[in-house]
Amino acid sequence: MLDYTPKEYIQRSALTINPAKTCQPVGAMYAALGIHKCLPHSHGSQGCCAYHRKFLTRNFRDPVMASTSSFTEGAAVFGGGSNLKTAIKNVFSIYNPDIIAIHTTCLSETIGDDIPTYIMSSQIPEGKLVIHANTPSYQGSHVTGFSNMVRSMVKYLSVNSKTPNGKVNVIPGFVNPGDMREIKRLMKAMGAAFTMFPDTSNVLDAPMTGKFDMYPKGGTKVQDIIDAGNSLATLALGSFASSDGAFELDKKCKVPARVLKTPIGINATDEFLMAVSKLTGMAVPEDLEEERGQLVDIMVDCHYHYHGKKVAIFGDPDLCIALTDFAISLGMTPKYVLTGTPGESFENEIRDMFNAAGIDGKVKALGDLFTLHQWMKEEPVDLLMGGTHGKYIARAEDVPFVRIGFPILDRSVHSYLPIVGYKGAMRIIEMMSNALLDRQDRDAADEDLELIM
Amino acid sequence: MAKGQVTDILEERKEFIQCKSNAGGLGLKCEKDSVAGSVSQRACVYCGARVVLNPITDAYHIVHGPIGCASYTWDIRGSLTSGPEVYRNSFSTDLREQDVIFGGEKKLAGAIGEIAERYSPKVIFVYSTCIVGVIGDDVEAVCKEAERKYGMRVIPVKSSGFAGNKSMGYKAACRALLNLMETNSTTWPRQSEKLTGVNFLGDFNLAGEIWIISNYLKRIGIDIVAKITGDSRCEEIMKAPEASLNIVQCAGSMTYLAKEMEDIYKIPYIKVSFFGIEDTRLSLMNIAHATGNKDAVEKAKELVFVEELKVKAKLEHYRKRLEGKRAAIYVGGGFKAISLIKQFAELGMTTVMVGTQTGRPEEYEVIRGMAVDGTVILDDSNPAELEKFIREKGADILVGGVKERPLAYKLGIAFCDHNHERKHPLCGFEGALNFAKEVDLTINSPVWKLRRHHL
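Read top to bottom, the protein sequences are chains A and B. Mapping the first sequence onto our numbering, position 373 (from 1) lands on 378, and the numbers just tick up by one. Mapping the second sequence onto our numbering, position 149 (from 1) lands on 511, and the numbers just tick up by one.
Here chain B stands alone, though its shape is the one from the complex:
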């Protein structure tokens, strides 16, 4: 660990940053709360819960708190729907001073009532925000009472912001999903009556990605019981316990749910990633094998062969244009970072910096194993650090989310959004091609040539 090389870095932050070398060394520090006073790129518990549950298209999502938490998350996820659009609206209790003093339970009950009476939805999710945890509203009791009164599911999401970081929010969302699955707990079949289909956990249908993967699975003869949660309906999530296998893409948010479902419903799970050709191929084959269906395995081989062939020649075109370029990665979870390193390698590019907001120790170990010498690896970074390493390592492109985009642009390097604001599906074979196109479009834009200090 090349501690000495890191300068201008907050003392408390040094253990969160590593420079890969052959010498090995101690593990990277991660999964810790951010240092007070840092310009962290991280969000909160509520944010984690909201991004996981929001894509459930026919649910009513009520944010219980002052208006901010509702307005910042109003339809920002970029999750597409093939049907209901309720989830794209913002419902909240907009707590005011009086509610904070006298408690917000009455207003919450009123808000649930105003939805229940007009729209009779199947499911309402009620998100707790910071303040609800402090003023002591008994959200669970209000939800329970509403369920009794209106005969529908009203599910509390315990997502007070201060109770941890985004990962805790993922857990809160997973618990709400388990709660939803309990709806038909008296009727769901026992193991012997399982459906043959799988649940797809951790795809949020950004830019329509879940449709690409669903299509692949359909072609190899595998049904999806529940999509969790991209383009999903409440009904299908209630049916999820009947599936025979869980496939988990966004491991950061969904591993907890997969483990719980394994425990409660005896559904085994495998981790998959559909980012990049290599991971897509491996994932499809793994899924086919995991179902134990020989026909599926044969079909998967065929699909992989055909689809790879379709994009390979085109990818070669981009590879020529991108070979030798350097990439910096700063994304939410570790699993995506790993896929991205592979994808850049497929394009002949080198990853010189890789960081995540909420990566786990085992993921950082994998990253260390893959990274070339000299690669900077960092956890829960901030703009000052990102700038420093992007410059030092001479990155040509940064892959990240909303807050990283303008940083990259100000530094005069290319950027690719691999988060909520991706504009094209980046998963599967066609996604790998889209990714190459996007990287090429931004790296080889003529705009970078205009960058100069003086005329």
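If we strip away everything but chain A, and leave its shape as in the complex, we get:
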């Protein structure tokens, strides 16, 4: 279907074709779902809320609850204040969450709605909370929205009450609930006391019980986010999604921040565990050393499956950065790396990796999949990695494709199984290796088909 994509690179200044990102509010909604008993609230037209819920539902295959201010012409002209106040009253009376997390939309931002003032003049039942994040859709991307909502959690909730709790805060970044579970498992294995927020595990990967829970068991407790102001440090996993929240904690509560890569791949996982070890004074336990050893064993066993292969990677910046690093450590050549999210630092970080590894590659922030496709037509790669929308390019160019990142709309189970940590690295290797070998099997002449590979 993309056969009209021309090979020669066309300079475009106005037109985006086949985006590699979406807008802020959906990221904010996802982050807010990671607070226990929180109802995300979309302050804008009801279409926004419906789209975000659908988008997340398609990715996670679980119910996604959120309410909307249901803007009409009147609200667009006179401001959305009365809609928001009515919404807050209605949400607490019928859906009864502990906390409402409001995010804005391009519409409410542009008409200049002053959310804090509206919240102040709303009736909020005793013991209930309302927080908000500004998430204009015309800035950044869904990752920015996630980051902004995390920062708002800190702004509104976290307090340094001068009672150190000895915990490490972990901000996991825009990753799947399965990854959040894995990060928690690693923290527990390290014997570290910690608070992770947000935490969508057991919200968007909740078990089937025959009962619909508006607020499933999971999500970080509000009390824990408040107490995050007393922690000894914050580890922000992924600079794009998590660093703003961590810096806000530093600014507001004097909790020092450390920004790390999303722990995808062996190096990034090593760094993460070493950072935890350094903060807590706990040694990396035998179990995790064993897992690492297994991972290296796997990397030895099948390095010839992927060594020297050229790979194109697209998706969210934190994922792309970690994945590029991992691919290089596997002896692969990340030829093209592209994110839809804007950010010069993204291009610089990837370029540094290219330079260090002597790779002649291309990188682009605020790019779209049309550009990626053109690059791949100019000089083909052996493997494409990214979200579901890459399937069009994979098909057009007949390139093996590994689905990784957000969103994945045409496969399931991805949100349950981690790609972070040593276990996640094993899974990524399995996915990449299998994709390459399946292709080799498919294309092999009868006489070349091998049993043992």
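It cannot be assumed that every hint is accurate.
Said to hold, decoys possible - Calculated lysine-lysine pairs in the DSSO-like style (CA-CA distance at most 30 Å, straight line):
(1) B:Lys750 with A:Lys216
(2) B:Lys511 with A:Lys12
(3) A:Lys90 with B:Lys750
(4) A:Lys396 with B:Lys484
(5) B:Lys391 with A:Lys94
(6) A:Lys42 with B:Lys755
(7) A:Lys42 with B:Lys750
(8) A:Lys216 with B:Lys468
(9) B:Lys704 with B:Lys682
(10) B:Lys511 with A:Lys216
(11) A:Lys382 with B:Lys704
(12) B:Lys687 with B:Lys621
(13) B:Lys755 with A:Lys216
(14) A:Lys222 with B:Lys750
(15) B:Lys391 with A:Lys90
(16) B:Lys663 with A:Lys216
(17) B:Lys785 with A:Lys396
(18) B:Lys682 with A:Lys133
(19) A:Lys12 with B:Lys468
(20) A:Lys12 with A:Lys160
(21) B:Lys376 with A:Lys90
(22) B:Lys750 with A:Lys133
(23) B:Lys376 with A:Lys94
(24) B:Lys750 with A:Lys94
(25) B:Lys811 with A:Lys222
(26) B:Lys687 with A:Lys216
(27) A:Lys12 with B:Lys484
(28) B:Lys663 with B:Lys621
(29) B:Lys376 with A:Lys42
(30) B:Lys682 with A:Lys216
(31) A:Lys369 with B:Lys672
(32) A:Lys160 with A:Lys189
(33) B:Lys621 with A:Lys216
(34) B:Lys755 with A:Lys222
(35) B:Lys672 with B:Lys682
(36) B:Lys750 with A:Lys226
The hints are simulated quantities; they were obtained by calculation from the structure and are not laboratory data. These numbers come from a predicted model, not from an experiment.
Model the placement of chain B on the given structure of chain A, informed by the hints.
The following block gives chain B in isolation, referenced to the frame of chain A:
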């Protein structure tokens, strides 16, 4: 109206919900904006316009706004094509902060230019999103200028999200279609020169459905002039004014267009539904009669006889497996809900709850007339209400769209997508069989037996 029985429901929502009883009562409240703060399942004006126009396969659809509206609607419709695939790409202006401050007209003109110069398409649709309505871009002027400059149709779709609900978007799309039909307004024949064919309005070729119906019509000797809009080309829509009859399937989205075309082009219309055996039979016969062609009537009788015979025995197999099961329905429009109630009845099932996002008063009246006593009828519902009534009424299956699927699954009941994500054609005789198969496959899946709280 059994108001007293409804508990845990938002006070403002009570008039939107009814429990059918013999006592009769007031009409259901509907066609109103959603209550602020509800977890509504509804979408916006833009969404309505986009789903109607997107299936036009050779048009370039530019979404003018920040990236979200374009990315959420990128190839999600499930409309199949027999040719061009342009419509499956996402084109947008991806408005950034600077554009919002200084206006997006320049960027829009640039985006149109970048398409026009490279691909010289016949038609570009430009969708306005919320923000465009607020920052005051004169989209019409930009489109007009582009038409002049490039000599092609550049049609604005007035679909700012806040300007109403999805139904308003359907209207905006219909106006854009009328605009497209005007393209050859100086040349289209007057009434005396009408073609004998019909336009098929309101089928979007999900899972290839329009191909099934086109085939039926062909077999009874009726040509389709324009498919609106499933698997359509811009050219055929421009020709639509020449047709002698409009047949309207998705009445929710297309009645407005049919009425306008009746007014402007003097084309009469009839409503049809190809969901379920009964409605398919009635619709085919009605179409044949409406064309006034005796030959067509005879052929239609024959087709119905043959096709019914083919599927009836097979349907009996499913009927045995489904008899007595209870169905809950929550779909977009009222007309589809009505067809579904009949279809479940054909399978020996009872509909215990029926709701729509944008049903109209007259449709709710029909539903009330068909429903058995005790059936819950609701407009613009939310998950809490759906859960409550599904549980109270002991439904075995929910029919709905994307957002309803995981809800049903979490409740441990079966689900059938009768929306964009249907996997098999559900229309016509073979569609009725597919529907029965799907319902059986999900209701009688062994997975429901594994559901328990403790080992």
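Hints the structure fails to honour: 8, 10, 11, 12, 16, 18, 20, 31 and 33
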